[in-house]
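Chemist: Given the structure of chain A, go ahead and fit chain B onto it with the hints provided.
Protein chains: 2
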Amino acid sequence: MMKPICRFIDFETGKIGSNAKITKRYLSDLEGVFRDIDALRSMFNRDILVYEVHEIVVPERAGEITHGTSIIYPGKVGDEYFMTKGHFHVRAGGEVYLCLKGEGYILMEEKGGRSSYSKMIPGSLVYVPPLWAHRTINMGTKEFTCFYAFPSEVGHDYESIEKKGFSKLFLERDGKPVIENAHRDHQDSFLG
Amino acid sequence: MMKPICRFIDFETGKIGSNAKITKRYLSDLEGVFRDIDALRSMFNRDILVYEVHEIVVPERAGEITHGTSIIYPGKVGDEYFMTKGHFHVRAGGEVYLCLKGEGYILMEEKGGRSSYSKMIPGSLVYVPPLWAHRTINMGTKEFTCFYAFPSEVGHDYESIEKKGFSKLFLERDGKPVIENAHRDHQDSFLG
Numbered sequence: 244m245m246k247p248i249c250r251f252i253d254f255e256t257g258k259i260g261s262n263a264k265i266t267k268r269y270l271s272d273l274e275g276v277f278r279d280i281d282a283l284r285s286m287f288n289r290d291i292l293v294y295e296v297h298e299i300v301v302p303e304r305a306g307e308i309t310h311g312t313s314i315i316y317p318g319k320v321g322d323e324y325f326m327t328k329g330h331f332h333v334r335a336g337g338e339v340y341l342c343l344k345g346e347g348y349i350l351m352e353e354k355g356g357r358s359s360y361s362k363m364i365p366g367s368l369v370y371v372p373p374l375w376a377h378r379t380i381n382m383g384t385k386e387f388t389c390f391y392a393f394p395s396e397v398g399h400d401y402e403s404i405e406k407k408g409f410s411k412l413f414l415e416r417d418g419k420p421v422i423e424n425a426h427r428d429h430q431d432s433f434l435g
Numbered sequence: 244m245m246k247p248i249c250r251f252i253d254f255e256t257g258k259i260g261s262n263a264k265i266t267k268r269y270l271s272d273l274e275g276v277f278r279d280i281d282a283l284r285s286m287f288n289r290d291i292l293v294y295e296v297h298e299i300v301v302p303e304r305a306g307e308i309t310h311g312t313s314i315i316y317p318g319k320v321g322d323e324y325f326m327t328k329g330h331f332h333v334r335a336g337g338e339v340y341l342c343l344k345g346e347g348y349i350l351m352e353e354k355g356g357r358s359s360y361s362k363m364i365p366g367s368l369v370y371v372p373p374l375w376a377h378r379t380i381n382m383g384t385k386e387f388t389c390f391y392a393f394p395s396e397v398g399h400d401y402e403s404i405e406k407k408g409f410s411k412l413f414l415e416r417d418g419k420p421v422i423e424n425a426h427r428d429h430q431d432s433f434l435g
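These protein sequence lines map, in sequence, to chains A and B. So the first sequence is numbered by our numbering: it starts at 244 and just counts up by one. So the second sequence is numbered by our numbering: it starts at 244 and just counts up by one.
In isolation and in its complexed conformation, chain A is listed as follows:
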């Protein structure tokens, strides 16, 4: 029988003290994610950490909840803000995001094409319904940290996003953050 797991999130750094599974995504892991390939490659000489994920590992079976933190560092590739790769779940499963630090957006998209996005600041709480892809984007000047939780058995599908991308771009124009269409057919809604 499994025992309780007791850990600690440092709200300042977003890191989970001990025994978390840590995944680090550097610029060189993110070819195909950012649109400006030349800008991306020109930054490879100092391979920058774009985001990291600290995860509490639980059994991958029905009834269990995988949870952890994602920490996106501030930065841009060309005019595009640092962000996560984004994923669908393989099986239908919702996901909760709670912003703990910083300022950014969550972008969500159905396989059919409908998209939604919402600004997140500390306290923002977003429920990504089953079958919606999701990505988070740091549009601030410090770390953008979210706590997340999802059903452990649903798995990750990164490939669909790698092939098709999302329908929105999060860019800096004249020193200001803007959200633009990525020139694909879609419906979308702005959730605040």
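Just so you know, not all the hints are guaranteed correct.
Copies of the same chain are indistinguishable here, so a pair counts whether it falls within one copy or spans any two.
Straight-line C-alpha distance at most 20 Å; calculated EDC-like pairs for lysine to aspartate or glutamate [what the hints assert, rightly or not]:
{"hint": "1", "residue 1": "Lys-319", "residue 2": "Asp-290"}
{"hint": "2", "residue 1": "Lys-328", "residue 2": "Glu-295"}
{"hint": "3", "residue 1": "Lys-354", "residue 2": "Glu-415"}
{"hint": "4", "residue 1": "Lys-362", "residue 2": "Asp-253"}
{"hint": "5", "residue 1": "Lys-246", "residue 2": "Glu-353"}
{"hint": "6", "residue 1": "Lys-354", "residue 2": "Glu-307"}
{"hint": "7", "residue 1": "Lys-267", "residue 2": "Glu-307"}
{"hint": "8", "residue 1": "Lys-344", "residue 2": "Asp-253"}
{"hint": "9", "residue 1": "Lys-344", "residue 2": "Glu-255"}
Just so you know, these hints were derived from the structure itself, not from any lab. The structure displayed is predicted, hence computed values, not measured ones.
Modeler: What follows is chain B alone, placed relative to chain A:
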């Protein structure tokens, strides 16, 4: 098809702005929870709010995550600190607790009798495995607020706890918090 849900947790009050389902538990709802029945009844003339739960309502089916906040106010019934009723899940399902404010404990117990407890301060992250009952206790001087998430389809079993109680008491003795056995057979472990 369900749409994303975007809400906001006020980290100071623990409350979720709009459209949350709010459950309030007053002293008069908690007969049988606290051991000092006379102290409990003597407090009924000013029926005090012990805790409240703000919950995001999602469909009760596999793959969905119910989530929200529990806010326990500071106080005691006799020498026993304010706490939640506590519950098992009807079907096997884990639950995540993340402390956002205050100071307290989480007490967890298997049906067989093994118990665990852990101190929680802001940042403390506890995973209650499937089939463990759980209760949270405010041992501080302000609100003790936790964010929680669990699989929506697992249901709540309050009755087993109402009948048998938990194996630990969280009391104030000579102005100091202490944890005592409730004189039942059990194994237990202290998780820090």
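Chemist: Work down the list of hints and note, for each, if the structure agrees.
Modeler: Each hint tested on the structure:
no. : hint                 : verdict
1   : Lys-319 with Asp-290 : within (13 Å within a copy, 55 Å between copies)
2   : Lys-328 with Glu-295 : within (11 Å within a copy, 37 Å between copies)
3   : Lys-354 with Glu-415 : neither (27 Å within a copy, 55 Å between copies)
4   : Lys-362 with Asp-253 : between (23 Å within a copy, 16 Å between copies)
5   : Lys-246 with Glu-353 : between (37 Å within a copy, 10 Å between copies)
6   : Lys-354 with Glu-307 : between (25 Å within a copy, 18 Å between copies)
7   : Lys-267 with Glu-307 : neither (24 Å within a copy, 28 Å between copies)
8   : Lys-344 with Asp-253 : both (11 Å within a copy, 13 Å between copies)
9   : Lys-344 with Glu-255 : both (7 Å within a copy, 15 Å between copies)
In summary, the structure is inconsistent with hints 3 and 7 from the numbered list given earlier, while agreeing with the others.
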